[in-house]
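Q: Residues per chain, in single letters:
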Amino acid sequence: MSVSIPAPRSQRIDPKYKRGPKSHGSFEKLAWLFMRLSGVVLIVLIFGHLFTNLMVGEGISGIGFGFVAGKWASPLWQFWDLALLWLAMLHGANGVRTVINDYAEKHATRAWLKGILYVATIFIIVLGSLVIFTFDPCVTGSQLQQCL
Amino acid sequence: MSTELPEPPSKIELKPGVGGGGEIPSFDITLRVRRFLPEATADAYWEDFKLTMYGTDRVLDALHKVKWEHDGSLSFRRSCAHGVCGSDAMRINGRNRLACKTLLKDLDTSKPITVEAIKGLPLEKDLIVDMEPFFQSYREIMPFLISKGHEPTKERYQSAEDHAKFDDTTKCILCAACTSSCPVFWTDGQYFGPAAIVNAHRFIFDSRDDAGDMRLEILNDKEGVWRCRTTFNCSEACPRGIQVTKAIAEVKQAILSRTV
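Read top to bottom, the protein sequences are chains A and B. Be aware that the first sequence starts at 4, since it is given in the working numbering, and climbs by one per residue. Be aware that the second sequence starts at 250, since it is given in the working numbering, and climbs by one per residue.
Keep in mind that the hints were calculated from the coordinates and are not lab data. Since the model is a prediction, treat every value here as computed from it, not as a measurement. Glycine is no exception: its CB is placed at the ideal position from the N, C-alpha and C atoms. Wrong hints could be hidden among the right ones.
[Said to hold, decoys possible] Stretch by stretch, here's where chain A covers chain B in the computed footprint (C-beta under 8 Å, at least three residues):
1) 272 to 283
2) 378 to 386
3) 427 to 440
[Claimed, not checked] Not everything, but these chain A residues come out facing chain B in the computed CB check (under 7 Å):
4) R22
5) G23
6) K25
7) S26
8) H27
9) E31
10) K32
11) W35
12) D84
Excised from the complex, chain A in its bound form:
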């Protein structure tokens, strides 16, 4: 007489350990360090940016095309804004990258989300850098004095 015992319904846990292979290089260490260093620099850059735009002179009502044109006539503000753009974008993108790594569970989801993130980051950095360096205050119809 034979008794058939149904197989257990739990998916048998594979005794093999499914950890990925060891990584090479120190990218994560450098990324961790970058977050801390760029964070400190960003505090200075952001509050300097907010102070000059909102507290000095006419404040928020003075901000316009002419105000930006005036600021970017000075190499200091060109450098300030470029540093702000690059550091904020890389800092933010790396933060979102770690969030994706922590929360996305499937490799494909991770790859897609990170792909979109990288494309968006590079696009904004390139576009922003181009605007800062090729900015021409004398667009058609400009009312600025030096263009008239």
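Since chain A is already given, all that's left is putting chain B on it; use the hints.
A: Okay, now just chain B, sitting in the frame of chain A:
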């Protein structure tokens, strides 16, 4: 043959009604256990047990009462039952605790006390999980003394100051309460986890050990210390009170100061 022993001189006569242990207060609790019986059902479910317990009882005693008097199919791990072996780590009211160190009277007994298996490791039955992934990452950090040169004839000397550097992390009992409380570990189980880093810390900062650099290199992995988000869940969960997040931060500092 027995001889009557004289009364000890320290004996104090008490008036009736004074002293004594008195009656231990008893109270009714609802123990809500997350059951998973792979032979019977495909999904886990909650099961309530109404129990009368005493003020001296722990969650482990409640589980014993269920297993011995109500439902023998309830499965959980325990060995020493006194907070030393680290077998009975589980989620009690949503927090990782040792069932043998959690007194029922310290919990809110007016509401059901929930007991689940620890998270992030494959569930086998009821409160039992497969600990293999946990021990795999523990083995990877080489948790044993590696020394170079000649073996001393007597003992390996160490100053009290040198010992103090890693004294905290020697207390680990490998119960997995920290690793299974870590949200980064829950994601995909690839992160080394706090317990492995704590046990690496124990040897990295040991003056008698010579393989600190090797262990730091292992933990410099993309799944190593840099995945720690300092949420402090591990420090909160540790039944031995190890400052786990602090130990991880010290390993981060050691990696930076050695290689930058």
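Q: So which of those numbered hints doesn't the model satisfy?
A: 1, 8, 12
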